[in-house]
Amino acid sequence: MRGLGASQPSRFHAAVSLLLLAVFVAPGAHASGETSQMRAVAGAGISQGSALGSPWAPRTSYSVSLWGLSEAGQGLGARLSLLPPATSAGAWELSSDAVARFTGEGPLYFKALGGVAVIPRPWWPPRLRAGGEVGLHAIRGSIGLEVGLGGVYSFPPSRLSQGEGVLSLGVGILFGFGAPSRTPALAPRQRQWAQQSAQSPQGALSPRGPGPSSVAETRTAGPAPAASQVALTPFGERDVIQQILLLQTPGAVQSWWNSGPWEDIAHWSHPLSEWERKYAEAMSAATVPEALRMWPLVTPERLTPEQLKDMERRLGTGAAAEGYAHWENRRRIVKHYFMTHPATLQQLLGLYGLARDFNPLHFALERGWQMGSGQEMFTEQKVSQLGAAQEFFTALAVGVAAGKLLTATRPVPGWGVPEPVEPVGPGKVEAPPAPPRAVAPAPEPAPAPAPTPPARAVARAPEPAPAPAPTPPAPGTLAPSPELVQALSGKNPTPQVPAGPRLRQDVTVKPDVPRQLPRGRPISPSPRQNAQLQRDIEYVKNELHAENIRVNQQQVTLENGQRVGINRPDLQFDYQGQRYHVEYDSPTSGRGPAHQSRLTNNDPKAIIIRIIIPEE
Amino acid sequence: MTQEMKGLLLEDRWAPVTEEMGFLELGSEQAAQAFATWEREVMTPRGITVEVLPVAGTLEQALSSLLPLTSGERRRHLFIPTRSAWTAYVADQWTGTDAASPMSVMARRLSIRCLRVVAVPHTRRKNQGVRYGAVMLEVYGPEQPGKISNTVRALAAANDGGRWVFEQSGELLPFEQVEQYQARKLRDRFTFEMLKDYLRHLGLAPFEEDFYMPPGSCAWLIQKTGPFGTTLQEYTLEEARAARVL
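Protein sequences, first through last, are from chains A and V. Under the working numbering, the first residue of the first sequence is numbered -9, with each subsequent residue one higher. Under the working numbering, the first residue of the second sequence is numbered 4, with each subsequent residue one higher.
Don't take each hint at face value.
Here are the computed lysine to any residue pairs in the SDA-like style, where the Cα-Cα straight-line distance is at most 25 Å [what the hints assert, rightly or not]: (1) V/Lys129 / A/Arg321; (2) V/Lys227 / A/Thr547; (3) V/Lys188 / A/Lys268; (4) V/Lys150 / A/His535; (5) A/Lys299 / A/Glu280; (6) A/Lys595 / V/Arg49; (7) A/Lys325 / A/Ala387; (8) V/Lys188 / A/Ser587; (9) A/Lys595 / V/Asp163; (10) A/Lys500 / V/Phe169; (11) A/Lys268 / A/Asp254; (12) A/Lys481 / V/Ile51; (13) A/Lys481 / V/Lys188; (14) V/Lys188 / A/Pro115; (15) A/Lys500 / V/Met8; (16) A/Lys595 / V/Arg77; (17) V/Lys227 / A/Arg321; (18) A/Lys500 / V/Ile51; (19) V/Lys188 / A/Gly551; (20) A/Lys500 / V/Pro124; (21) V/Lys188 / A/Leu351; (22) A/Lys500 / V/His125; (23) V/Lys129 / A/Lys481; (24) A/Lys500 / V/Met46; (25) A/Lys500 / V/Arg127; (26) A/Lys500 / V/Arg49; (27) V/Lys188 / A/Lys595; (28) A/Lys595 / V/Phe231; (29) A/Lys500 / V/Lys227.
Reference excerpt, derived from the structure (chain V facing chain A, CB under 10 Å, subset only) [claimed, not checked]: (30) Glu242; (31) Arg244; (32) Ala246.
Everything labelled a hint here was simulated from the structure, so no lab data went into it. Heads up, the beta-carbon is just placed ideally off N, CA and C, and yes, glycines get one too.
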């Protein structure tokens, strides 16, 4: 979190801005001047990320996505990501995001995303996500490759400031570039607007040369003319209105402009033709609704400094501003045609609907609005209230059914809902034999305090006592963890680490201490880990008189003095005036060091013990 | 804002000491002596002396023998007789009694039933913090072959630092109101009233003052003295209460 280097409010505002950008503004970006015809593109990716502000502990996540992208790779999409648990004690995290992808003509791209993350088992309340990604991409044929650096801030809806930032590096592959999508939802409509609008070029002008219908049908089916062909076009035919009439579909017109006149400014700087001038005058007239109105024609005297700079870059110093103004006016005509064409608007609405409905929160909000008002929330189109209700409840039913199905298909003993039995069930499991342990790091000199060696607890029978003594572990039954026994006799095999900065969410936690919950709680789906935990609890309380024992509860200091973190050590207890935290891990888990650091950062006086339990 | 929890022992005046209590199904003197024996096993090698002292008087006078409350290792434990077969247990920890470990151990060592009883109203005071609410009952029993833990039954509805949880494990007791465990609100699945009812079935009325110190009886104080490893810090009851949003 500190890695973001900004104050909390500014970070939150940035997150909200990105979320809004991804959900609402992106459609506008999609329709920018550089956008060409849309393709349905599928993607898959893999990334490694680590939470900011905590020790580097990368976790791998996997994602699949569906996009509507232009040839250049710009557009909108929806992404589903899966983050497997870091340890056997962890949980899967599933996130759904609406993503807007921006790119120019170079290899750089930027993504803004917003969505929801859930941990389905055990069920945790959803967290909102917002973030961005920047990277490089290359598109060859129908395949695109991308590599990028992303940052995502996720937070509980009710606790905006207690979120977590994750920085990740990932690679992805996109399939589906090349030929435009045949998907009906993304395919532009044919000619309706040009024929119906009284202010269209066809309505205002008489076509010259071949009739628009015949030529248009042959030209729109094929690729846009190449730049070299455009350059050879006779002067009389270098007319964007003619091209519009020939190509008609906004994507084809835009594509033609990008591949020819956009670069070949020298051949498109002659004065506007009558058609072009009339189009511009008609479309920029005050009678045109403002949303559809074109910017007025630019003149050499009214070029902005940015335009002058662009002119110098394209044409060199001392170029005639008049020629540049003509080119700029043609660019405006093409852009206006593209942006206001009903097919473009239809595509934008379709993508907006796609992005909107992939985000569960937005979906629910939108359907609620539709049920109440009978209108789409932002486009104000009329919709069926009954249909909206039907969609909402259908989605709800599907979600509930999916949750039930997930629960039913893979019940994990000792995880999620507390089991109504002991961690090691009566009669069904004999305490497993003490596993040969991978005792991690080499022993180091004993830290203070030096407690009374509890060696008898492990191997020897208890000393005679007036009252019935606890039965020592019989041969072949579960023994206390060797790491724990060593640590409590003053030879902790876990090297202690120096305290570092604390996570923000730990710093801001309320210091008030909740009660100790019953200690039969599981710490892992692994019965072996849970059984070992229970054995260790018996050891520390029976034979060492440890107190204030907590299992899988938030970190507190000695004697329940203060809550210092929202992290949940597997086991914590007081012994001879010292607070101990114990973490159980599998040999393949990489989370132990990070957990240890966090525990130490929150309570530098505490002693941390890491115990490795072999996989079952 | 305070959760309704009327009828707490001594109107909650002795919280945090009495927020959590232990109960042993044994006479008070026997319980105290057995506890002292267990303590001596670990304390005597460290040079710490464990004494068992009688304390006469009312319940509040008996509780006063725990004062001042202390930090660090426990110095004083109190075993209070009741009008039933059960003996109550409290200790001098300034943040409240931890009954779980002692009761679990005593149940195993003495092959008796012991209880951990928790009743804390959820209280939020502006600018003063939160006293997280909890209602819990844990029943411990003798050691059983094949089982690691001797917890017979555990029930808890508690605010675990901001969110309510309901947990249960072990075998149902015959008098449990299991239908309540389906209540929509987690905190309603095991309420203070249910706790009192369950305890009544077990023969206890631990929230009534006259349940304790029957005439002619005395409480038993376990007092430890000697070289404790940690610095002792003492608290009056008022100081401890102020620190715990009471």
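Ascending list of hint numbers which this structure does not respect = The structure breaks hints 1, 3, 5, 7, 8, 13, 17, 18, 19, 23, 24, 26, 27, 29, 30 and 31; every other hint is satisfied.
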